[in-house]
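Here is what each chain is made of, one letter per residue.
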Amino acid sequence: MLGRLGVPPAVKRGEPFAVRVIVQHPMETGFRRDYDGKAVPMNIVDRLSCTYGGREVFRAELGSGIAANPYFVFYVVARESGPLAVEWSDDRGQTGKVAADVKVA
Amino acid sequence: MRRRDFLAAGAAALVPLRAAAQEVHDIDPFVNAITSGATPEVGGIDIELPQIAENGHSVPLTVRVASPMNELDHVTAIHVIAERNPRPAVASFHLGPWSGRAEVSTRIRLAGTQKLTVVAALSGNRFRIAKKPVAVASAACIDEASL
Amino acid sequence: MTASEPTRPSPLKNGSEFQSADVRALQADDFANPMALWVDRGRALWSSVRDGRSCAGCHGDAAASMKGVAARYPRFDRALGRVVDLGQRIEACFEAAGGAKLPAESDDLLGLTAYVALQSRGMPLAVRIDGPARATWEKGRALYFTRVGQLDMACTSCHDASWGKTLLAEPISQGHPTGWPAYRLEWQRAGSIQRRLRACFNGVRAAMPPYGSPDLVALELYLAWRARGLPLESPAVRR
Chain G
1 MLGRLGVPPA VKRGEPFAVR VIVQHPMETG FRRDYDGKAV PMNIVDRLSC TYGGREVFRA
61 ELGSGIAANP YFVFYVVARE SGPLAVEWSD DRGQTGKVAA DVKVA
Chain E
106 MRRRDFLAAG AAALVPLRAA AQEVHDIDPF VNAITSGATP EVGGIDIELP QIAENGHSVP
166 LTVRVASPMN ELDHVTAIHV IAERNPRPAV ASFHLGPWSG RAEVSTRIRL AGTQKLTVVA
226 ALSGNRFRIA KKPVAVASAA CIDEASL
Chain X
253 MTASEPTRPS PLKNGSEFQS ADVRALQADD FANPMALWVD RGRALWSSVR DGRSCAGCHG
313 DAAASMKGVA ARYPRFDRAL GRVVDLGQRI EACFEAAGGA KLPAESDDLL GLTAYVALQS
373 RGMPLAVRID GPARATWEKG RALYFTRVGQ LDMACTSCHD ASWGKTLLAE PISQGHPTGW
433 PAYRLEWQRA GSIQRRLRAC FNGVRAAMPP YGSPDLVALE LYLAWRARGL PLESPAVRR
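Residue numbers (my numbering), protein chains in the order written: chain G, 1 to 105; chain E, 106 to 252; chain X, 253 to 491.
No lab work stands behind these hints: they were computed from the structure.
It is possible that some hints are incorrect.
What the hints assert, rightly or not - Think about it this way: if two alpha-carbon atoms lie no more than 20 angstroms apart in a straight line, the pair counts; the simulated SDA-like pairs of lysine to any residue are: (1) G:K97 to X:D292; (2) E:K236 to E:L177; (3) G:K12 to E:K236; (4) G:K12 to E:R206.
Said to hold, decoys possible - Beta-carbon label-pair distances, calculated as ranges: (5) X:T398 to G:G37: 46 to 52 angstroms; (6) E:A143 to X:A273: 20 to 26 angstroms; (7) E:D131 to G:P83: 28 to 34 angstroms; (8) E:D131 to G:K12: 44 to 50 angstroms; (9) G:A39 to X:R457: 31 to 37 angstroms; (10) X:F397 to G:D91: 47 to 53 angstroms; (11) E:D131 to X:A316: 33 to 39 angstroms; (12) E:N175 to X:G416: 32 to 38 angstroms.
Said to hold, decoys possible - Calculated Cβ distances over 12 angstroms to all of chain X for the following chain G residues: (13) G3; (14) I22; (15) P26; (16) G53; (17) G82; (18) K97; (19) D101.
Yeah, the Cβ is synthetic: ideal placement off N, Cα and C, and Gly gets one too.
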């Protein structure tokens, strides 16, 4: 599943920095009807989490009230330089992951 | 009730859609699922939402909870509830002192003009609540177009 | 402009001017703009090799080779013998280079179109309507002024006579095709200008021309000419 991750190019140790993520997913509510009147089955990303420095630093449980192509901005305190990864899964077991390198000054 | 049950409670509370405007649900069960029945303190949460959301399919939301976010005093979760959505439980975000800032932005769906409710869970088994009205010009979930 | 040519709205206003502040902000934010996902897809497809060939293999770096291209579409294509829009040109190129067929409104085609269109962002729309394109332009102009559908309305009824006025709580735009492909909140995904035009036909309760129909392309050419000089906003966000 396609996604995009944004972290600042350099962050200060001990300071929180913004993590931005957007996932390509229709977030079908199950209420929509197609052109023939048939209900489009529910299909949503229901879980998203971020790991950094070997620990989970953010987790979201999502419902169908999150807009299509889910977008989030959250904060993480800069500790060590290293990888930051965001993973997600939908209610059909499809998963996705994006990662970036955090450079701590 | 554990926090995961908050969203499950939302699924169970699903009401059938009608052609007319969605009705407003009683959100107390959702709040109680988070606080285990305790009454949350009002305030200390900044909810940033447009006054008028032109399209309910994608409404920008930022929630900020005032907190030092240190080991002793921090936000553990932010829960978003939309009283007029067919599934009022929108999302739960889990934070900790490692977050540094109790602030989350996202885009939500709103099925009509309503008050959005945010409940924050803090360390030490404390809870806060805030509400913000938002007018929605074109509702999600019921004004669907597939063309 | 001669007396026989129709007048344009004045002042000329781009599509984003008729969107809410939130939608404009979303469009302006290259990260948060949902079209970024399709642009990323297009960027990856541009370099991906199929049967030993890739877009990059012939066209090199898109930022250089595709600069200004989207601003000149729709245009008459000599190889195809007709006027095509950008999506159709990409579709034809992709197939000719041995790639699989790219269906209309598929994520891959929308991605490539968005990626190519992005390379002309900010550049003024400048299509040619002379020579072999003239007949298509005249067809498009005729369609633009023809009343259709149960509501018996022509494009001009809303987009010349009533732009800026409110219809179903939304301001009517001048109908310029400067932002496509775009992320339409109504669709909760990216879509092409052909999809948007079809929705307009449906809006006046007229039969929707099928994807790829010469009528749609003719209308696109006329609209692009009518919007000449306006900067391209692709890939845009629309309500």
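Structure-based check of each hint:
1. G:K97 to X:D292: holds (15 angstroms)
2. E:K236 to E:L177: Given that 20 angstroms is the threshold and the Cα spacing comes to 26 angstroms, the pair is violated.
3. G:K12 to E:K236: violated (34 angstroms)
4. G:K12 to E:R206: holds (15 angstroms)
5. X:T398 to G:G37: 46 to 52 angstroms: This hint is violated: roughly 30 angstroms between Cβ atoms.
6. E:A143 to X:A273: 20 to 26 angstroms: violated (39 angstroms)
7. E:D131 to G:P83: 28 to 34 angstroms: Hint violated: Cβ distance 45 angstroms, outside 28 to 34 angstroms.
8. E:D131 to G:K12: 44 to 50 angstroms: 46 angstroms Cβ-Cβ, so the 44 to 50 angstroms window holds.
9. G:A39 to X:R457: 31 to 37 angstroms: Hint violated: Cβ distance 24 angstroms, outside 31 to 37 angstroms.
10. X:F397 to G:D91: 47 to 53 angstroms: The hinted range 47 to 53 angstroms holds for F397 of chain X and D91 of chain G, with Cβ atoms some 49 angstroms apart.
11. E:D131 to X:A316: 33 to 39 angstroms: violated (60 angstroms)
12. E:N175 to X:G416: 32 to 38 angstroms: violated (53 angstroms)
13. G3: The claim is violated: G3 of chain G sits with its nearest Cβ about 8 angstroms from chain X, within 12 angstroms.
14. I22: Check fails; 6 angstroms does not lie beyond 12 angstroms.
15. P26: violated (7 angstroms)
16. G53: Holds, since 23 angstroms exceeds 12 angstroms.
17. G82: holds (22 angstroms)
18. K97: Answer for K97 of chain G: holds, closest chain X Cβ roughly 15 angstroms.
19. D101: holds (17 angstroms)
Against the hints set out earlier in the document, violations occur for numbers 2, 3, 5, 6, 7, 9, 11, 12, 13, 14 and 15.
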